[in-house]
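Asker: What follows is the residue order along each chain.
Protein chains: 2
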Amino acid sequence: MDALNAVSASGTTTLGGTGEWRPDATSALPLHAQISDYFIGKIRSGAWPPGMRLAPQRELCRQLGVNRSTLVTALGQLTAMGLIEGKRGGGTRVVTPSAERDGSGAIRESTGFGGQVRAGNWNDYVEEGIHYPNLPTIQAINRLEYARGLIRLGTGEPAPELLPGQVMQEILAGLSREPLLPLSYEEPLGSLELRTALSNKLSAAGIHTSPASILITSGALQGLQLIAMGLLPRGAAVLLEKPSYLYSIHAFQSAGVKFNGLPMDERGLMTDSVAQEAYRTKASMLYTIPTFHNPTGILMDEERRNALMATTGALGLPILEDGAYQELWLDTPPPPPLKALDHEGRVLHLGTLSKAASPGLRIGWIVGPEAVVARLADIKMQSDYGASSLSQLAAARWLSGGYHEAHANVLRQKLRMRREAVLEILQAHFSELATWNIPAGGFYIWLSLRQPLPLRKLFKAALQSGLLLNTGDLYDRGDNRHLRLSYAYASITELETGLSILAGIIRNLQRHP
Amino acid sequence: MDALNAVSASGTTTLGGTGEWRPDATSALPLHAQISDYFIGKIRSGAWPPGMRLAPQRELCRQLGVNRSTLVTALGQLTAMGLIEGKRGGGTRVVTPSAERDGSGAIRESTGFGGQVRAGNWNDYVEEGIHYPNLPTIQAINRLEYARGLIRLGTGEPAPELLPGQVMQEILAGLSREPLLPLSYEEPLGSLELRTALSNKLSAAGIHTSPASILITSGALQGLQLIAMGLLPRGAAVLLEKPSYLYSIHAFQSAGVKFNGLPMDERGLMTDSVAQEAYRTKASMLYTIPTFHNPTGILMDEERRNALMATTGALGLPILEDGAYQELWLDTPPPPPLKALDHEGRVLHLGTLSKAASPGLRIGWIVGPEAVVARLADIKMQSDYGASSLSQLAAARWLSGGYHEAHANVLRQKLRMRREAVLEILQAHFSELATWNIPAGGFYIWLSLRQPLPLRKLFKAALQSGLLLNTGDLYDRGDNRHLRLSYAYASITELETGLSILAGIIRNLQRHP
Numbered sequence: 001m002d003a004l005n006a007v008s009a010s011g012t013t014t015l016g017g018t019g020e021w022r023p024d025a026t027s028a029l030p031l032h033a034q035i036s037d038y039f040i041g042k043i044r045s046g047a048w049p050p051g052m053r054l055a056p057q058r059e060l061c062r063q064l065g066v067n068r069s070t071l072v073t074a075l076g077q078l079t080a081m082g083l084i085e086g087k088r089g090g091g092t093r094v095v096t097p098s099a100e101r102d103g104s105g106a107i108r109e110s111t112g113f114g115g116q117v118r119a120g121n122w123n124d125y126v127e128e129g130i131h132y133p134n135l136p137t138i139q140a141i142n143r144l145e146y147a148r149g150l151i152r153l154g155t156g157e158p159a160p161e162l163l164p165g166q167v168m169q170e171i172l173a174g175l176s177r178e179p180l181l182p183l184s185y186e187e188p189l190g191s192l193e194l195r196t197a198l199s200n201k202l203s204a205a206g207i208h209t210s211p212a213s214i215l216i217t218s219g220a221l222q223g224l225q226l227i228a229m230g231l232l233p234r235g236a237a238v239l240l241e242k243p244s245y246l247y248s249i250h251a252f253q254s255a256g257v258k259f260n261g262l263p264m265d266e267r268g269l270m271t272d273s274v275a276q277e278a279y280r281t282k283a284s285m286l287y288t289i290p291t292f293h294n295p296t297g298i299l300m301d302e303e304r305r306n307a308l309m310a311t312t313g314a315l316g317l318p319i320l321e322d323g324a325y326q327e328l329w330l331d332t333p334p335p336p337p338l339k340a341l342d343h344e345g346r347v348l349h350l351g352t353l354s355k356a357a358s359p360g361l362r363i364g365w366i367v368g369p370e371a372v373v374a375r376l377a378d379i380k381m382q383s384d385y386g387a388s389s390l391s392q393l394a395a396a397r398w399l400s401g402g403y404h405e406a407h408a409n410v411l412r413q414k415l416r417m418r419r420e421a422v423l424e425i426l427q428a429h430f431s432e433l434a435t436w437n438i439p440a441g442g443f444y445i446w447l448s449l450r451q452p453l454p455l456r457k458l459f460k461a462a463l464q465s466g467l468l469l470n471t472g473d474l475y476d477r478g479d480n481r482h483l484r485l486s487y488a489y490a491s492i493t494e495l496e497t498g499l500s501i502l503a504g505i506i507r508n509l510q511r512h513p
Numbered sequence: 001m002d003a004l005n006a007v008s009a010s011g012t013t014t015l016g017g018t019g020e021w022r023p024d025a026t027s028a029l030p031l032h033a034q035i036s037d038y039f040i041g042k043i044r045s046g047a048w049p050p051g052m053r054l055a056p057q058r059e060l061c062r063q064l065g066v067n068r069s070t071l072v073t074a075l076g077q078l079t080a081m082g083l084i085e086g087k088r089g090g091g092t093r094v095v096t097p098s099a100e101r102d103g104s105g106a107i108r109e110s111t112g113f114g115g116q117v118r119a120g121n122w123n124d125y126v127e128e129g130i131h132y133p134n135l136p137t138i139q140a141i142n143r144l145e146y147a148r149g150l151i152r153l154g155t156g157e158p159a160p161e162l163l164p165g166q167v168m169q170e171i172l173a174g175l176s177r178e179p180l181l182p183l184s185y186e187e188p189l190g191s192l193e194l195r196t197a198l199s200n201k202l203s204a205a206g207i208h209t210s211p212a213s214i215l216i217t218s219g220a221l222q223g224l225q226l227i228a229m230g231l232l233p234r235g236a237a238v239l240l241e242k243p244s245y246l247y248s249i250h251a252f253q254s255a256g257v258k259f260n261g262l263p264m265d266e267r268g269l270m271t272d273s274v275a276q277e278a279y280r281t282k283a284s285m286l287y288t289i290p291t292f293h294n295p296t297g298i299l300m301d302e303e304r305r306n307a308l309m310a311t312t313g314a315l316g317l318p319i320l321e322d323g324a325y326q327e328l329w330l331d332t333p334p335p336p337p338l339k340a341l342d343h344e345g346r347v348l349h350l351g352t353l354s355k356a357a358s359p360g361l362r363i364g365w366i367v368g369p370e371a372v373v374a375r376l377a378d379i380k381m382q383s384d385y386g387a388s389s390l391s392q393l394a395a396a397r398w399l400s401g402g403y404h405e406a407h408a409n410v411l412r413q414k415l416r417m418r419r420e421a422v423l424e425i426l427q428a429h430f431s432e433l434a435t436w437n438i439p440a441g442g443f444y445i446w447l448s449l450r451q452p453l454p455l456r457k458l459f460k461a462a463l464q465s466g467l468l469l470n471t472g473d474l475y476d477r478g479d480n481r482h483l484r485l486s487y488a489y490a491s492i493t494e495l496e497t498g499l500s501i502l503a504g505i506i507r508n509l510q511r512h513p
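Quick note, the sequences are listed as chains A and B, same order. The UniProt record's numbering applies: residue 1 is where the first sequence begins, and numbers increase by one. The UniProt record's numbering applies: residue 1 is where the second sequence begins, and numbers increase by one.
Take these hints with a grain of salt, some might be off.
[Stated by the list, open to error] Listed next, with one range per pair, are the computed distances between beta-carbon atoms:
| # | chain 1 | residue 1 | chain 2 | residue 2 | range |
| --- | --- | --- | --- | --- | --- |
| 1 | A | Arg-280 | B | Leu-144 | 21 to 29 Å |
| 2 | B | Gln-166 | A | Gly-478 | 55 to 63 Å |
| 3 | B | Glu-127 | A | Arg-177 | 24 to 32 Å |
| 4 | B | Arg-177 | A | Thr-79 | 27 to 35 Å |
| 5 | B | Arg-177 | A | Asp-265 | 31 to 39 Å |
| 6 | B | Glu-405 | A | Asn-437 | 36 to 44 Å |
[Said to hold, decoys possible] Computed footprint of chain A on chain B; a stretch qualifies when at least three of its residues, placed anywhere within it, have a C-beta under 8 Å from a C-beta of chain A:
| # | segment |
| --- | --- |
| 7 | 26 to 36 |
| 8 | 62 to 70 |
| 9 | 185 to 191 |
| 10 | 209 to 215 |
| 11 | 367 to 376 |
| 12 | 422 to 429 |
Hints in this document: simulated from the structure, not taken from any laboratory. We put the beta carbon where it would ideally sit given N, CA and C, even for glycine.
Using the sequences plus the hints, can you model the full thing?
Answerer: Structure, rendered in structure tokens:
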């Protein structure tokens, strides 16, 4: 229930919701006094600065778990103290300190950038920056993934019980006995020990590369951010699959890059329009997730890979290959990655430990020409001065100790079982409502509803019923009939319950859209 | 020696230097064959893509440790194989594959963004991105800090022997016994356990804040990057001390922000010109390092802090306070941070574990109004999906276990000894050459040369003698008479040797500038 309140209370910015805190009914201090004390602390510390609007009273009552009269008493006290005031047009806001008022008692208003210096505090800057905010739905998902009691039907990470907790304990125990822990900064490309281990791992996937061609990043996501900021000019155009994970983040758009989505079929990105679209849009690069595509789960077959390399080779069009899921094959190993077919430095390859081993380690990598990874390393040094040395060391031991391959085998087996279970559940509950693919690897099933639906409404209705969804519009703004389902996170019992509830919600929405 | 080669071989991009590798003189395979094999691997894997220029022959000989005739034999073989070719105007480059040539045998040239699709590989993009590269000197420093044998006279991190290796081993041992290691993603603001521990730590410094007002970042540097991208519009103006650490990084400039440096005296930033400059430049914020300023070591006194808060309060000018060094006082605790004087959410406060505990953990924080840290957390989620869970957990245990305060006491004592030693060395070698301040905390002494000198030339001459310098022009582009000395990194013996050599180099440059 808290989770639902949190989502309804918030747009893109906090408006003085109380978050986790609630007054203590067993305390000797009356509830209204606890509330006013709490609000005074927030206001006097600047956490709720002058001018900030509080959430509506009904919302505050829900979050605090008190009735209206208790809240009104508390707010009355704060008003009497001159800390908050009612605002025309409804709402309550934090008062600007009296020193800030002019002679007439009017509050000085922010004058913006046109005239003089702004009269304001940091809250006035929340919508100023050049980096786009996440989509509201993604923001809600990012918050709600830490709320208890929700069934997460589309989450793109392995369930905690699929992660190698015990082995990581052993690795930490080993590190705790090492006399020289790496507590200092690492070199710009990242730990040589980790890059050497990765060079061996990549070699097994057909990518022959030396440590000098590998940059360690904080997850593959940071790789995308560095490439967006470091290699593409403002206004550059990018070709990519549509739908794509890349539409759900703003790394490229915030750098002024334009997207041009290309269609896919069951064999992957359709290559016949690549040349024409590359010319038309003057594309700078093509982004693809050829292996167990996010969100569709599609595997690009070998023939299509060769065709894509040939077409883009003739065009001189560089490729950014996102290989986040490539080792998570469930039936047979996939064809070699595009990077294995590249002898010209035309493919940048992204990888990560987040999907198979540990999201929390935040370890990813970029493989590319030496000068390119050096450029990206330079930006990484300016962004965060490198990834955690502790994470890098743990990751190096994880790889060089042979744990990774052993764990991947076990994980594949568990994911296979989960995939089968979800396919059966879908068969039982969704045959009339939707169609779906059978993914050969990765985490996702791309559910195609037989009838279009208002997906925002579906998201909210599902949330009311305790389900967290990844709707298709996150991956293609115009989509109104897809859901990304993940068999990697929720338990099979949760998936059974959740999908059965979801089928009911969809039926209901079809009747009353 | 390798270090010197690396620096002379590189401008801002790698040009096919061989880095660490050298042929093995004890191998049965002739040196020239080893070299050509190595080059073939680099070229065929795309690490050295078509069109890339190799470093000059003299440079390659130095890096490979071979004589000219050996290199020429190897290059001849590669030329015969059609892998490299001489270029008009000197230099050798990697050949574009024959499929890429037109009928005349001419190599297709990159056409840029004007006309059609670029004929190229990723190397062509190295200078395209919107993020500025680091200054060449900073790039060199970043690389050379990992080269052996150099004395680092200005490094801004504690020496490895000042870091708490043994306690961290104990913390890891403790973590290795915990059944539930955090291998998954953390919530957007960062681990609640760590934010709670930080809230207690900050409280001791006079900053009373709840975990909801704290964002965990990958070091304070990432905090700067997030603020630059997330809160400031393109074209915004920032007031700051001159010189300043902020001039040495490009987080703000890459976001289109303009700097306006203000003068300092021995009591810190001079506040009398703040109002005028804020109006003139329509400043969006003021950045300051009030406590043990980087690079000058200056401590802003209490009166100046009050004046700054009053002036900026009347202007409604938000402040970004960088508190990276504030706990590293050596004589008496400093006045309360600006954030402790802020009741309006007008100060964002940055902190870090990098200066006192462990640079490699990459843990920093931003304290500010809840809506502001939520906005920055959203961008962080888009940048790298949060800091390493392992680092966050280790940091939380480090703080909540009381280790931090105990370690800081020991560190202060060691830094005090180092400061005294360096002051004695300066007295012995630099009395005629320079003046300097006696820092009350932090890492730095700001050495003012009595005569201006060409600082680029000084940097190179020092490097030739095995000294790595942080010259004043990194912190103020127009500076030609300062050096940032650090007593935190090099050993006292190294400082003695290094500073005595440096005095000789400066004397020599004064005679032959």
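Asker: Okay, the segment 62 to 70 of chain B and chain A, do three or more residues pass the C-beta test at under 8 Å?
Answerer: violated (count 0)
Asker: Do at least three Cβ atoms from the segment 422 to 429 of chain B come closer than 8 Å to Cβ atoms of chain A?
Answerer: It is violated: at least three residues are needed, and the segment 422 to 429 of chain B offers just 0 whose Cβ sits closer than 8 Å to chain A.
Asker: In this structure, is the beta-carbon distance linking B:Gln-166 and A:Gly-478 contained in 55 to 63 Å?
Answerer: Hint holds: Cβ distance 58 Å, inside 55 to 63 Å.
Asker: Are 3 or more residues of the segment 26 to 36 of chain B near chain A, judged by a Cβ distance of less than 8 Å?
Answerer: violated (count 0)
Asker: Range hint 27 to 35 Å: satisfied by the CB atoms of B:Arg-177 and A:Thr-79?
Answerer: violated, 53 Å
Asker: Can the suggested window of 36 to 44 Å be confirmed for the beta-carbon pair B:Glu-405 and A:Asn-437?
Answerer: Violated: the Cβ-Cβ distance is about 57 Å, outside 36 to 44 Å.
Asker: Taking the CB of A:Arg-280 and the CB of B:Leu-144, does the distance hold inside 21 to 29 Å?
Answerer: violated, 46 Å
Asker: Could you check the hint for me, namely that B:Arg-177 and A:Asp-265 are 31 to 39 Å apart, CB to CB?
Answerer: violated, 51 Å
Asker: Taking a Cβ-Cβ distance under 8 Å as contact, does the segment 367 to 376 of chain B have three or more residues in contact with chain A?
Answerer: holds (count 7)
Asker: How does the coverage statement for the segment 185 to 191 of chain B fare against chain A, requiring three or more residues with Cβ below 8 Å from a Cβ of that chain?
Answerer: holds (count 4)
Asker: Can you let me know if the beta-carbon spacing of B:Glu-127 and A:Arg-177 is within 24 to 32 Å?
Answerer: violated, 46 Å
Asker: Counting residues of the segment 209 to 215 of chain B that have a beta-carbon nearer than 8 Å to any beta-carbon of chain A, does the count reach 3?
Answerer: holds (count 4)
Figure legend: structure checked against the earlier numbered hints; hints not met, in rising order: 1, 3, 4, 5, 6, 7, 8 and 12.
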